[in-house]
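K.L.:
For reference, the chains in residue letters:
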Amino acid sequence: MAPPAQSQRSPSPSQPSGKSEVSDLKSQLRQLAGSRAPGVDDSKRDLFKKVISYMTIGIDVSALFGEMVMCSATSDIVLKKMCYLYVGNYAKVNPDLALLTINFLQKDCQDQDPMIRGLALRSLCSLRVANLVEYLVGPLGLGLKDSNSYVRMVAVIGVLKLYHISASTCIDADFPVILKNLMITDSDTQVVANCLSALQEIWSAEASTSEEASREREGLLSKPIVYFLLNKIREFNEWAQCLVLELAAKYVPSDNNDIFDIMNLLEDRLQHANGAVVLATIKVFLHLTLSMTDVHQQVYERIKAPLLTLVSSGSPEQSYAVLSHLHLLVMRAPFIFSSDYKHFYCQYNEPSYVKKLKLEMLTAVANESNTYEIVTELCEYAANVDIPIARESIRAVGKIALQQYDVNAIVDRLLQFLEMEKDYVTAEALVLVKDLLRKYPQWSHDCIAVVGNISSKNVQEPKAKAALIWMLGEYSQDMQDAPYILEGLIESWDEEHSAEVRLHLLTAVMKCFFKRPPETQKALGAALAAGLADFHQDVHDRALFYYRLLQHNVSVAERVVNPPKQAVSVFADTQSSEIKDRIFDEFNSLSVVYQKPSYMFTDKEHRGPFEFSEELGNLSIAGESADNVVSAQRVEANDKDLLLSTSEKEEAKISTGNDSAYSAPMYDASSVLVTASQTLMEPAISNPTLPGQATQAILAIDDLLGLGIPAAPAPPPPPPQLKLHTRAVLDPATFQQKWRQLPVALSQEYSLSPQGIAALTAPQALLRHMQGHSIQCIASGGQSPNFKFFFFAQKAEEPSNYLVECIINSSSAKAQMKIKADDQSTSQAFSDIFQSALSKFGVP
Amino acid sequence: MISQFFVLSQRGDNIVFRDYRGEMQQKGSAEIFFRKVKFWKDDGEGDAPPVFNVDGVNYFHVKVAGLLFVATTRVNVSPSLVLELLQRIARVIKDYLGVLNEESLRKNFVLVYELLDEVIDFGYVQTTSTEILKSYVFNEPIIIDAARIPNLGPAAIFMQGTKMPGTAVTKSVVANEPGGRKREEIFVDIIEKLSVTFSSSGYILTSEIDGTIQMKSFLTGNPEIRLALNEDLSIGREGRSIYDYRSSSGSGPVILDDCNFHESVQLDNFEVDRTLTLVPPDGEFSVMNYRITQEFKPPFRINALIEEAGPLKAEVILKVHAEFLSSISANTVLVQMPLPTYTTRVSFELEPGAVGNTTDFKESNKRLEWGLEKIVGGSVHTLRAKLTFSQEPHGNITKEAGPVSMTFTIPMYNVSRLQVKYLLMARKSDGHKAYRWVRYVTQANSYVARL
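Protein chains in written order, with the working numbering: chain A, 7 to 850; chain B, 904 to 1354.
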């Protein structure tokens, strides 16, 4: 019987109609409860269905709890299931009534029929009532030993449920240990898979408080376990395969044979029709080969076809999930995909979230050989009925123009956009032409001719208007009407709502004035007057500034406002490479879809098993702010190196000798900058071992600031016994791995000097200071008075690492340090160096 | 790890709601989700993406048969896994109910809860195999009358113009038929979706075939099946650029760019004689998905023309050439074309004697629509439309209109020439003959001609 149609449309629980129906049901259930009449089960089924349909649409039927339990004494399994569902839903809010169900559930747990045993056990564990946990332990223990795999499967998840109700009961009953044994002995693969899920969750939660749990969690990643699971991967169902593959992606192989064994074993998983299996396999491949550039590139070639097939088969939603991952790979290694550009063409009926990804991919893969076709295709989209996509397409053309050397044809296209006379097309194109001129001033002649024809009245969007005004100011000598157009715009100053436009107007009219004084003088006066009276602080201030500057000295003013400009070579990248690498580390997760690392959208306990979240996740990565400045160098890096982690290639230039196979250098380029600025500020510290590239980078920046080449200062006095590598490198992933694996070698507390505390107002200073002592910071965070830092250092002569967690409380002036070391015998020596370095912090 | 699963109707009503982990506000999430999806468009962002995050909760959804299948979680899970799972849950429910729509779901919600309990436990996927679920699930499906429901989705394509039993795709895998014992039969559908873009001069810019071999088995006793494909089938286009139009169409080997297989498929003989061996599980599944960019002859050629015809007037001429055998016909053809936004009126002129044609001007999105019930192979159809504008077109009118897009279904036709040569059933002597149905169909995915 279907639920009554009326109540479906009024799902609000406050509806009075719900109430009378509930009391109706109550009396009907009462009548049936004791009845043994034939056919009574059918009537019960109908009533139960009604109850559950109310429950679904949100009507509170918890008042029926007693009656439902009374009616549940039946052998009808369908009835039992409905009752279990009901009980599971309401037990938490009715803990007292839940006690009523314990009896019959416990009895059912010993039923002859394994189906009933399993169902009862599942329901028993789903009650979520803390004071009933004592009743769970017995049945769970029996369930784990049950001869039937269905019951064991349910029992394993039951253990996890118990853990969430009462962790201590679960641990005290030794259930994790039982699961661990079950995982490697049970014949049923779903039981094994459930053990793995449950143990991952339990041990990850326990790891923060228990060293043992943290070791156990590491144990899941040990070679025997990973190999045991991988070897029988074909026996698992597809979902459990994903689970095992996810585990394998975290496994650290012992050598190259290990890597190839795993890859050969998993090769056929790439042909699986389930996209989740394929992506999980790809993650394993990508992570295993990170240290082997050429194999890593082969992996990209290998996974291209399966990914493209997944994108084009399946529902649009599935295809989107895969496309997001393809997008990530294309952005990392565009040259590998440059011949596949046609796959990234948009189809007219695709949702805009798919089109957006594709446009970005088209932009990324454009190179000398395919640019013409890609730009032609993008121009088609510019006339698209979907206006946001049309805009994105025009921006994409602009981006391609800015990344190409031969922009001839593209400039023509952009200028054609201006002639299309669609407002939004004109607006986008104007912004692009402005950027283009900043990079390629040689095109000014062609562009100005077209821009000059645009009536400023047709341009309404602030960004576009600002761009137009900028061009009017910048090229006023070439544009006949420039002073008069500007004058017109100034006359309608009060109608201009955007402060950005008004600011640009001020600057443009100044520039114009220096080029064509007699024609502009009047307009300038009007602009300055309007600006001084402007309510917007920035506009007011700029007008005042110009006014005083002109008063002071006109030629100085010209040098300030209209100096000769250098063409911009590269525009800043919006996303830092650390962030990109982190997203790559989190391949096959939501991070890829959101294009954000998990710490930006998830709280720490939900980042999944094995995340290093509790230590590193919510701390900001050192030197992030310095990113924009370095990006120019980064973009110029050789394209072919893009397969390496984005920041890695920066490092590759700095560090030449990187001997340990799995500590692929990923430490960020910002270190170059930090070193550079450090050299400027603290000339006492320097690194005599800098190879060529880095020195150049420093020189470039020094030069930029006009400070010349610093004299090579004396190296710091060598510390006793232990010598640290001055340019140690360690990527965050390896750091996390090691931090989990190594025991704490030393744990110490140290008092900071008052000067040190004072200097700590800028935590960045500490990072630079420690770096001067060959101790690198990998992550830092916190706010006064609590700061947290993770440092690392390496021995000068061998790749032996020291890892430090340092928590500084600036109000108590105490630093707590935990030191972990590959070579534990030297950890005291290292601690001495660390403390001596720390003691010098803030001391001039 | 999934926290909640629910199914919403188009109006946002909960049809089923299952909370697996009790870690979120129960009532809130469905409402938050629905509001977000509904208003996504209003914020000028187009359709809501299948995955989004609101206050730390991740919402996943897929649309199936006009229903929203949703999962929530706080954990940073694999999006592909959850979306795949949602699709699979929809498929399992369809296997059970025969027809998946709001009505069948409402009638069978208790059965659906039963399924959901077995598919996911405490957020972890246990199984999505209809075969395995059969032994855990006890409710009998209440089958709704398939004839009463409107034909929706790809299932509908088999209902028209073929001698095939139309009930197949809407038949429940588990329900017993009124006659008592079940009919032994197996359906194999080769469905190909075409994406073609023609340039304004009629030249093919891009073309792709996305094919799938779907199977739905109603066989008892799980016999092993051998499915033979073209012997000269080859996979991978090593060393050649992906878009290579040198090979001639009409003959020669079928070359797949790539393909993938269902997990039940044994590929031991595939390299040797292109046969797939499998024990088909109950229910509907894709045996194989494939992708082809090899050149093929598109079933339709489209000529589209728009030109100004005096002040505030223009004329559109659309011509569709059906370039396949006259024994085959396409149905449910729809040709669409966006017109300049300042178009106010359109008058249509069909060829004399045209039957089964509908023409329409959709005022709201300024779109011309031309529907043709049936197109017989070899024929040419023409539509003329006279447009009236409210303002002078600025610049090039071809930039203000188009592109022309087309949707169609062609039963018993496939462009790739991929074939199921034979379908063998290894089975012990059994009095009853099993029926084997192999069917081909070609559909438009994105079939576009630019102006």
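Keep in mind that the hints were calculated from the coordinates and are not lab data. Note that the structure is predicted; figures quoted are calculated from it, not measured. Careful, some of the hints might be misleading.
[Said to hold, decoys possible] Covered, in the sense of this in silico footprint (three residues per stretch, anywhere, with C-beta under 8 angstroms from a C-beta of chain A), are these stretches of chain B:
{"id": "1", "stretch": "914-921"}
{"id": "2", "stretch": "978-992"}
{"id": "3", "stretch": "1007-1020"}
{"id": "4", "stretch": "1111-1119"}
{"id": "5", "stretch": "1252-1264"}
{"id": "6", "stretch": "1347-1354"}
[Unchecked claim] Rough simulated footprint, nothing fancy, chain B against chain A, three-plus residues with beta-carbon under 8 angstroms:
{"id": "7", "stretch": "60-67"}
{"id": "8", "stretch": "278-286"}
{"id": "9", "stretch": "306-316"}
{"id": "10", "stretch": "344-354"}
{"id": "11", "stretch": "587-598"}
{"id": "12", "stretch": "728-739"}
All residues carry an ideal CB built from backbone N, CA and C; glycine is no exception.
K.L.:
Take the stretch 1252-1264 of chain B, compare each residue's beta carbon with every beta carbon of chain A, and decide whether three or more fall closer than 8 angstroms.
P.N.:
n = 0 at 8 angstroms, threshold three: violated.
K.L.:
Closer than 8 angstroms, Cβ to Cβ, for at least three residues: run that test on the stretch 1007-1020 of chain B against chain A and report holds or violated.
P.N.:
Result for this restraint: holds, n = 7.
K.L.:
For the stretch 1347-1354 of chain B, do three or more residues have a beta carbon lying closer than 8 angstroms to a beta carbon of chain A?
P.N.:
holds (count 4)
K.L.:
Verify the coverage statement for the stretch 60-67 of chain A against chain B, using a C-beta to C-beta distance below 8 angstroms and requiring 3 or more qualifying residues.
P.N.:
holds (count 3)
K.L.:
Using a Cβ cutoff of 8 angstroms, are there at least 3 residues of the stretch 728-739 of chain A near chain B, or does the coverage claim fail?
P.N.:
violated (count 0)
K.L.:
Cut-off 8 angstroms, C-beta pairs, minimum 3 residues; does the coverage of the stretch 278-286 of chain A by chain B stand?
P.N.:
Coverage by chain B holds here, the residue count being 8 at a Cβ distance below 8 angstroms.
K.L.:
Check whether three or more residues of the stretch 914-921 of chain B sit with their beta carbon closer than 8 angstroms to a beta carbon of chain A.
P.N.:
holds (count 5)
K.L.:
Counting residues of the stretch 978-992 of chain B whose CB is closer than 8 angstroms to a CB in chain A, do you get three or more?
P.N.:
Held - the stretch 978-992 of chain B has 12 residues with a Cβ nearer than 8 angstroms to chain A, which meets the minimum of three.
K.L.:
Taking a Cβ-to-Cβ distance below 8 angstroms as contact, does the stretch 344-354 of chain A have at least three residues touching chain B?
P.N.:
holds (count 7)
K.L.:
When I compare C-beta atoms, does the stretch 1111-1119 of chain B have three or more residues closer than 8 angstroms to chain A?
P.N.:
Coverage by chain A holds here, the residue count being 3 at a Cβ distance below 8 angstroms.
K.L.:
Do at least three Cβ atoms from the stretch 587-598 of chain A come closer than 8 angstroms to Cβ atoms of chain B?
P.N.:
holds (count 6)
K.L.:
Just to make sure I understand the rule, a stretch counts as covered if three or more of its residues have a C-beta closer than 8 angstroms to a C-beta of the chain. Does the stretch 306-316 of chain A meet that for chain B?
P.N.:
Three-residue rule met by the stretch 306-316 of chain A, so holds; n is 5.
Against the hints set out earlier in the document, violations occur for numbers 5, 12.
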